[in-house]
Amino acid sequence: MVNKMQMEHKEIYELIDAYVFGILSQDEFEAVEKHLESKCTDCLQRLREVGELSVGLAKGLKETTPPAHLKTSLMEAVEKTMISTESVTPKNNMFQSKIITVLGTAAIILLVLWNGSLNFKVSELHSQLENSIKKLDRLVADNSVQNEATLLLGKPCTKLVDLQGVSPNLQASAKMFLHPDEDFGILYAYQLPVAPADKEYQVWLKQDGIMQSVGSFTVQENGSALIEVRGLQKIPTIDSFMVTIEPVGGVDSPTGMTYLLGQNTLSSLH
Amino acid sequence: MSVTDGFDVTAHLDGVLLGRIQSGDQSALSGLYDSRSRLIYSIVLNIVHNTEDAEEVTQAVFMRIWAKAQSFDPQRGSVLVWIVTIARRLAIDRTRSKHHRIQKFSDRLESVSQQDLVQPGSENVHNQVIQSILVDRALKRLNKLNSEQREIIELSYYCGFSQTEIAQKIATPLGTVKSRLRAAVTRLRDIMGNGE
Numbered sequence: 038m039v040n041k042m043q044m045e046h047k048e049i050y051e052l053i054d055a056y057v058f059g060i061l062s063q064d065e066f067e068a069v070e071k072h073l074e075s076k077c078t079d080c081l082q083r084l085r086e087v088g089e090l091s092v093g094l095a096k097g098l099k100e101t102t103p104p105a106h107l108k109t110s111l112m113e114a115v116e117k118t119m120i121s122t123e124s125v126t127p128k129n130n131m132f133q134s135k136i137i138t139v140l141g142t143a144a145i146i147l148l149v150l151w152n153g154s155l156n157f158k159v160s161e162l163h164s165q166l167e168n169s170i171k172k173l174d175r176l177v178a179d180n181s182v183q184n185e186a187t188l189l190l191g192k193p194c195t196k197l198v199d200l201q202g203v204s205p206n207l208q209a210s211a212k213m214f215l216h217p218d219e220d221f222g223i224l225y226a227y228q229l230p231v232a233p234a235d236k237e238y239q240v241w242l243k244q245d246g247i248m249q250s251v252g253s254f255t256v257q258e259n260g261s262a263l264i265e266v267r268g269l270q271k272i273p274t275i276d277s278f279m280v281t282i283e284p285v286g287g288v289d290s291p292t293g294m295t296y297l298l299g300q301n302t303l304s305s306l307h
Numbered sequence: 207m208s209v210t211d212g213f214d215v216t217a218h219l220d221g222v223l224l225g226r227i228q229s230g231d232q233s234a235l236s237g238l239y240d241s242r243s244r245l246i247y248s249i250v251l252n253i254v255h256n257t258e259d260a261e262e263v264t265q266a267v268f269m270r271i272w273a274k275a276q277s278f279d280p281q282r283g284s285v286l287v288w289i290v291t292i293a294r295r296l297a298i299d300r301t302r303s304k305h306h307r308i309q310k311f312s313d314r315l316e317s318v319s320q321q322d323l324v325q326p327g328s329e330n331v332h333n334q335v336i337q338s339i340l341v342d343r344a345l346k347r348l349n350k351l352n353s354e355q356r357e358i359i360e361l362s363y364y365c366g367f368s369q370t371e372i373a374q375k376i377a378t379p380l381g382t383v384k385s386r387l388r389a390a391v392t393r394l395r396d397i398m399g400n401g402e
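Chains as they are written, first to last, in this note's numbering: chain A, 38 to 307; chain H, 207 to 402.
25 Å max Cα-Cα, derived SDA-like pairs, lysine to any residue:
{"id": "1", "chain 1": "A", "residue 1": "Lys108", "chain 2": "H", "residue 2": "Ala273"}
{"id": "2", "chain 1": "A", "residue 1": "Lys76", "chain 2": "H", "residue 2": "Ile292"}
{"id": "3", "chain 1": "A", "residue 1": "Lys117", "chain 2": "H", "residue 2": "Ser229"}
{"id": "4", "chain 1": "A", "residue 1": "Lys96", "chain 2": "H", "residue 2": "Thr257"}
{"id": "5", "chain 1": "A", "residue 1": "Lys236", "chain 2": "A", "residue 2": "Gly293"}
{"id": "6", "chain 1": "A", "residue 1": "Lys108", "chain 2": "H", "residue 2": "Ser233"}
{"id": "7", "chain 1": "A", "residue 1": "Lys99", "chain 2": "H", "residue 2": "Ala217"}
{"id": "8", "chain 1": "A", "residue 1": "Lys271", "chain 2": "A", "residue 2": "Asn301"}
{"id": "9", "chain 1": "H", "residue 1": "Lys274", "chain 2": "A", "residue 2": "Gln63"}
{"id": "10", "chain 1": "H", "residue 1": "Lys375", "chain 2": "A", "residue 2": "Gln63"}
{"id": "11", "chain 1": "A", "residue 1": "Lys71", "chain 2": "H", "residue 2": "Arg282"}
{"id": "12", "chain 1": "A", "residue 1": "Lys108", "chain 2": "H", "residue 2": "Arg244"}
{"id": "13", "chain 1": "A", "residue 1": "Lys243", "chain 2": "A", "residue 2": "Gln270"}
{"id": "14", "chain 1": "H", "residue 1": "Lys346", "chain 2": "A", "residue 2": "Gly93"}
{"id": "15", "chain 1": "H", "residue 1": "Lys375", "chain 2": "A", "residue 2": "Leu52"}
{"id": "16", "chain 1": "A", "residue 1": "Lys108", "chain 2": "H", "residue 2": "Thr301"}
{"id": "17", "chain 1": "H", "residue 1": "Lys274", "chain 2": "A", "residue 2": "Gly93"}
{"id": "18", "chain 1": "A", "residue 1": "Lys271", "chain 2": "A", "residue 2": "Leu298"}
The set of hints was computed from the structure by calculation and includes no laboratory data. Nothing here was measured: the structure is a model prediction, and the numbers come from that model.
With the rest of the complex left out, here is chain A:
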């Protein structure tokens, strides 16, 4: 005998397509919303799949440009709803709470070291302190790179260089975003293998026949990385970009296997 919850799930599951299409009645819509809040995995999976389909169908429509005044009207309406800029937003709260947690951990460790009242090995505490400081550095760096990426991606003349995976790592790929007026670029790499502990990826550019290093990085567990490369000059004259694997700390010229390679064709992003 099917219980009530199983029946409810089955009924809701049958409504997911119509929910995504926006054609449910208010009662049905609310019932689906309530069920989705329970994080039903089957329904969420169907929701994601049909959602992507809906986007695909929408992109099949012939596009019409909205009138210019619409944006002005929207931003004026948004301005009216703005709360005080002095208030702390939840996103900043999350970032700040992470920093507070890491700093708090570091402070407690320092306090324990100073008191000397607990039976910890000093070397173990030093190691934990180092890890906390690395996490803090990473949090600050990640947030900064995201800020820079947002700014660069939004600029009208931002260019895109495609880097392709080199055999046997053909699945790897990367995008280098550059602006002719800036001295930095944003590299988004993905599907790279996680490097061994004593290795890291190093980014090179070739310019006027000379190969130079512009940064190094490690990837996340999913093989992706988002990094800023600085010290770029005369961006239009850069011939190509390359990513190799090298010992941690970097080298002066490429020695390891090449994972990514891309010519600077300066294809426009916009």
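Assemble the complex: chain A is given as a structure, and chain H must be docked to it using the hints.
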């Protein structure tokens, strides 16, 4: 923007911008508008059929994004899926609230037949209406569905009729309409998953 090797730059930008919108960054909302307003406006206009309503609803969509950015749940899909779902719902609600139950294809059929002196109800007129709103790629996908599936997608997705309305319109039991819609969606997923 190009989509190569499975990496959608615009989709990544959506996520970055939404994160900034959640922090109250108006410039990020402006950026998202620049990036997605054509698509959203086109979706809305296709449903409400007049520019006045389309402008109001499009603005309402982005105001909803601004107000509800914190409620975005990545488990439910991408940022673009979220935005498109909001747009479709607000547009269809607008047609319902104004008792504006446009017989979309019927109105268009009449309009096209008056212009072209073609008999209303003919297959050619119906196809002309479809062709007027869809790009070639989308038309090819629709043509790969059987007639029942295609009809369901046209009436639900492109016209915005509820399943009950569809059942009445095509004189088919509601349960059949629901199962036919699921089958059509699954078939379309397969078609689009094959890169067609």
